[in-house]
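Listed in order, the protein sequences are those of chains Z and D.
Here the first sequence stands for residues 0 to 449, where the numbers follow numbering that gives the first Met the number 0.
Here the second sequence stands for residues 0 to 449, where the numbers follow numbering that gives the first Met the number 0.
There may be inaccurate statements among the hints.
Put simply, identical chains are the same to the list, so a pair is met inside one copy or across any two.
[What the hints assert, rightly or not] List of simulated lysine-lysine pairs, BS3-like, C-alpha gap at most 25 Å: (1) Lys180 <-> Lys77; (2) Lys6 <-> Lys353; (3) Lys19 <-> Lys145; (4) Lys77 <-> Lys120; (5) Lys225 <-> Lys168; (6) Lys145 <-> Lys168; (7) Lys353 <-> Lys74; (8) Lys19 <-> Lys77; (9) Lys13 <-> Lys353; (10) Lys74 <-> Lys357; (11) Lys353 <-> Lys19.
If you're looking for bench data, these hints aren't it; they were derived computationally from the structure.
There are 2 protein chains.
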Amino acid sequence: MVFELSKEYVERLKEAIDNKDADFIIESMEGVNPADISTLLYELNQEESKFVIDSLDTEIGAEIINDLDEDDRSKFLKNFNSVEIAGFVNYLDSDDAADILNELPVKAREEVLAGIENEEKAAHILDLLRYDEDCAGGLMAKELIKANVNWTIIQCIEEIRRQAENVEKMYSVYVVDNREKLLGRVSLKRIILSEDNTLIADIYDDDLVSVETYLDEREVASVMQKYDLEAVPVVNVQGKLVGRITIDDVVDVMRELADEERQIMSGISEDVEEDDTIWVLSRARLPWLIIGMVGGLMGAEFISIFEADIALIPAMAFFIPLITATGGNVGIQSSSIVLQSLASRYILEDSYTKRLAKVFLVAVLNGIVLAILVFGANMLFGKEFTLAVVVSIALFSVVLLASFMGTITPLVLDKFGINPALASGPFITTANDLLGLAVYFSVAHLLYNL
Amino acid sequence: MVFELSKEYVERLKEAIDNKDADFIIESMEGVNPADISTLLYELNQEESKFVIDSLDTEIGAEIINDLDEDDRSKFLKNFNSVEIAGFVNYLDSDDAADILNELPVKAREEVLAGIENEEKAAHILDLLRYDEDCAGGLMAKELIKANVNWTIIQCIEEIRRQAENVEKMYSVYVVDNREKLLGRVSLKRIILSEDNTLIADIYDDDLVSVETYLDEREVASVMQKYDLEAVPVVNVQGKLVGRITIDDVVDVMRELADEERQIMSGISEDVEEDDTIWVLSRARLPWLIIGMVGGLMGAEFISIFEADIALIPAMAFFIPLITATGGNVGIQSSSIVLQSLASRYILEDSYTKRLAKVFLVAVLNGIVLAILVFGANMLFGKEFTLAVVVSIALFSVVLLASFMGTITPLVLDKFGINPALASGPFITTANDLLGLAVYFSVAHLLYNL
Chain Z
0 MVFELSKEYV ERLKEAIDNK DADFIIESME GVNPADISTL LYELNQEESK
50 FVIDSLDTEI GAEIINDLDE DDRSKFLKNF NSVEIAGFVN YLDSDDAADI
100 LNELPVKARE EVLAGIENEE KAAHILDLLR YDEDCAGGLM AKELIKANVN
150 WTIIQCIEEI RRQAENVEKM YSVYVVDNRE KLLGRVSLKR IILSEDNTLI
200 ADIYDDDLVS VETYLDEREV ASVMQKYDLE AVPVVNVQGK LVGRITIDDV
250 VDVMRELADE ERQIMSGISE DVEEDDTIWV LSRARLPWLI IGMVGGLMGA
300 EFISIFEADI ALIPAMAFFI PLITATGGNV GIQSSSIVLQ SLASRYILED
350 SYTKRLAKVF LVAVLNGIVL AILVFGANML FGKEFTLAVV VSIALFSVVL
400 LASFMGTITP LVLDKFGINP ALASGPFITT ANDLLGLAVY FSVAHLLYNL
Chain D
0 MVFELSKEYV ERLKEAIDNK DADFIIESME GVNPADISTL LYELNQEESK
50 FVIDSLDTEI GAEIINDLDE DDRSKFLKNF NSVEIAGFVN YLDSDDAADI
100 LNELPVKARE EVLAGIENEE KAAHILDLLR YDEDCAGGLM AKELIKANVN
150 WTIIQCIEEI RRQAENVEKM YSVYVVDNRE KLLGRVSLKR IILSEDNTLI
200 ADIYDDDLVS VETYLDEREV ASVMQKYDLE AVPVVNVQGK LVGRITIDDV
250 VDVMRELADE ERQIMSGISE DVEEDDTIWV LSRARLPWLI IGMVGGLMGA
300 EFISIFEADI ALIPAMAFFI PLITATGGNV GIQSSSIVLQ SLASRYILED
350 SYTKRLAKVF LVAVLNGIVL AILVFGANML FGKEFTLAVV VSIALFSVVL
400 LASFMGTITP LVLDKFGINP ALASGPFITT ANDLLGLAVY FSVAHLLYNL
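Just chain Z, with the same shape it has in the complex (with noise of 0.2 Å):
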């Protein structure tokens, strides 16, 4: 039942475009899935994609660029006036429109609001545009069943049928008071279960997740990943039900939130993938690798320091790619774990000291088994008996020192509202490349009485 994409519709449909052939895209797109048609329009050009979108029907056209990606949609957008995109935006659920036209210029973005011709539609978008949209007020909709506490189920049916075509998704309904308070919701199970003239208030469930609209996404995500929801409503400061998260909208967050934190983790600063222009690639790489190489400098310039020792111990040169790697892993190894819990956020967590005890334990642990590997590896290999002491000593420094460092920087960018993934990437490879240099040469140093 799912639609299979392959090279020779693709082909086959290029054609029907160029010979302008609305018809073949008309006939061969019935019933396919608009999420499908989505991923068909990245095996096409602009021109094309968009000769696609207007052969169909409005409403088709408006859910295909409602699954695009965002940095897709919003230059994909640009090839419609406002009149077409209000167009659009009319068979949007209100938190997808207000996503569209977040991503429009301002002037676009008035001109499309007046176009919507469903006034309460528009009410409803304008509202949402107000909230930041990395928060629960952003991914929630307006969309969503409401029902006040004093009605009975038929009343609640007749507001079911009355908003059907509004609300695509509806798992249950709210209850309200008066005041518009979320009290709690009633299942749609529990509704087709109940007698016509049974009381909301007598068969409602009270006990309700609710988040606040100011709740960042990655919280809005743990919860309703804690609690196994499929929606949840969203209240104001006054406990007002003001919209309702879906959960789709939350596993697209989810997604976001990884593919961030793994660009972050490599050293990449913008939001790339594999199919954007070798200019954009390049752009997102230079960054990292300029303060990698700004690094690698400093690194040149301090074992310049030692040039008379390298010069009578050529061998001291040779544990340098050693003693960095081991402290860019053992670096990357610790934040990483630091990341994880953070990701996952106990509520109690364990004091700073506490945790810097257990990563101390655990580094003299590893270190240890390193430095003796190496020590036999090196007498194993006849290097000399000082040079092999010099660079267990300073492996086993270095993985203190990596792993200290591993664990606090994390810590401490996540303190200041940073991404604490930007600690598993270069930064803590270009850091701890720089201390593994300064402990190496200083332990030589000094052993070698040089």
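We have chain Z; now place chain D onto it with these hints.
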């Protein structure tokens, strides 16, 4: 409405447990969401946790245990005998029950199965145990509402009433023919709004996305995300409806996959968390540290070939960290961009050659910028001209090689069914360190005519 976990409460609770004061536990946890009590258990030891579970209703206890992390749960369940575990399993959905049974030793599993009161449930669980945990069959639950296409709405409501206890999350009724083949679905909204004598055949929606039992959990997650589903029916190869996957389970899968990727990218070889023991944490980190160490020792051996060169021109050693760090950074960037593509998996992939050509161009661009910057810096800091040329040529080559390695490695790993995130971890850094050193010293040896 969310339970607030405070240090004071935990202390008071521990006191109550010490005094075997079950009443305090029952009273203070009245109406608290089991997911919150699960979180609370992380503040207690095994014995204390068992006392809490024993004090509460078996049904609540079952939900609390079900909400624990998989690792913690299998440890915790060792405190209960088979009869007690069967008691909990009686209250769980078949998928959760199967997960718990999968964690038990074979003998205990048989005993628990024998202790399940509801025969239909025992049969469901036995059926689910056949499936691999990482596929749709392993994720699905057997609890769902199924209606024959020839039924009327009233028969359908009767079935909902009959199953209301068993199926907690109800979104729609799946429609099957006389041979149990899945035909489509009817949403609860539609049922509420339809007349009692309406035929299911007249109103069901045949435009339904379903997955087959063997589909990988990643694909299940992709499908549910793409089509914004809160539940997806699972069919066997004959198209018969055999189960249903709800989004809450898929959200957990997504979180686990993200955690797994983060750990692999950071060179951590077991699923660990900050609160694991020092021994477990060390053991998870050592394998990759040792691989990095072996790489470092190989690097040392390699550099030692050039001992005479370094004795002559010690400044050669200065730039070792710059070369290795850049190789590492470029490699991780490249592989994580591929990782991102693999995670989103567009259907029609560009060919390998086209991808590599693009990677090559990005690398050339980045390589040129870095080489020029480093050359400028070296001239500015009064480094020798030949050395500056050597460093820049080596840097440029390393960027090219590391990009190639970083792109090709995850693609090859993925082809062989290995998690491609492995390519973004210490693996790529170690390989690129060696590659970088080889290029650097070869270029130096050549240009200096040594």
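### Message
With identical chains, the pair lysine 180 and lysine 77 could be close in the same copy or across copies; at 25 Å between alpha carbons, which is it: within, between, both, or neither?
### Response
neither (41 Å within a copy, 46 Å between copies)
### Task
Pop the pair lysine 225 and lysine 168 into one bin, within, between, both or neither, using alpha-carbon distances up to 25 Å.
Cα proximity of lysine 225 and lysine 168: in one copy and across copies (21 Å, 15 Å).
### Query
When no copy is specified for lysine 74 and lysine 357, does a C-alpha distance of 25 Å or less occur within a copy, between copies, both, or neither?
Classified as between: cross-chain Cα gap 22 Å, same-chain 49 Å, threshold 25 Å.
#### Entry: Within, between, both or neither, where lysine 13 and lysine 353 count as close if Cα-Cα is 25 Å or less
between (63 Å within a copy, 20 Å between copies)
### Query
Should lysine 77 paired with lysine 120 be assigned to within, between, both, or neither, using CA atoms and 25 Å as the limit?
Intra 23 Å, inter 56 Å, cutoff 25 Å: intra-copy only.
### Intra/inter-copy verdict for lysine 19 and lysine 77 if alpha-carbon distance must be at most 25 Å
This pair counts as within: shortest intra-copy Cα distance 21 Å, inter-copy 69 Å.
### Query
Given a CA cutoff of 25 Å, do lysine 353 and lysine 74 count as a within-copy pair, a between-copy pair, both, or neither?
between (50 Å within a copy, 24 Å between copies)
### Task
State whether the alpha carbon distance between lysine 353 and lysine 19 is at most 25 Å within one copy, between copies, both, or neither.
neither (69 Å within a copy, 29 Å between copies)
### Message
If the cut is 25 Å between Cα atoms, do lysine 145 and lysine 168 qualify within a copy, between copies, both or neither?
### Response
both (14 Å within a copy, 20 Å between copies)
### Message
As a check of your reading, is lysine 6 near lysine 353 (CA-CA no more than 25 Å) within one copy, between copies, both or neither?
### Response
between (58 Å within a copy, 16 Å between copies)
#### Entry: Within, between, both or neither: lysine 19, lysine 145 at alpha-carbon 25 Å
neither (47 Å within a copy, 45 Å between copies)
In summary, the structure is inconsistent with hints 1, 3 and 11 from the numbered list given earlier, while agreeing with the others.
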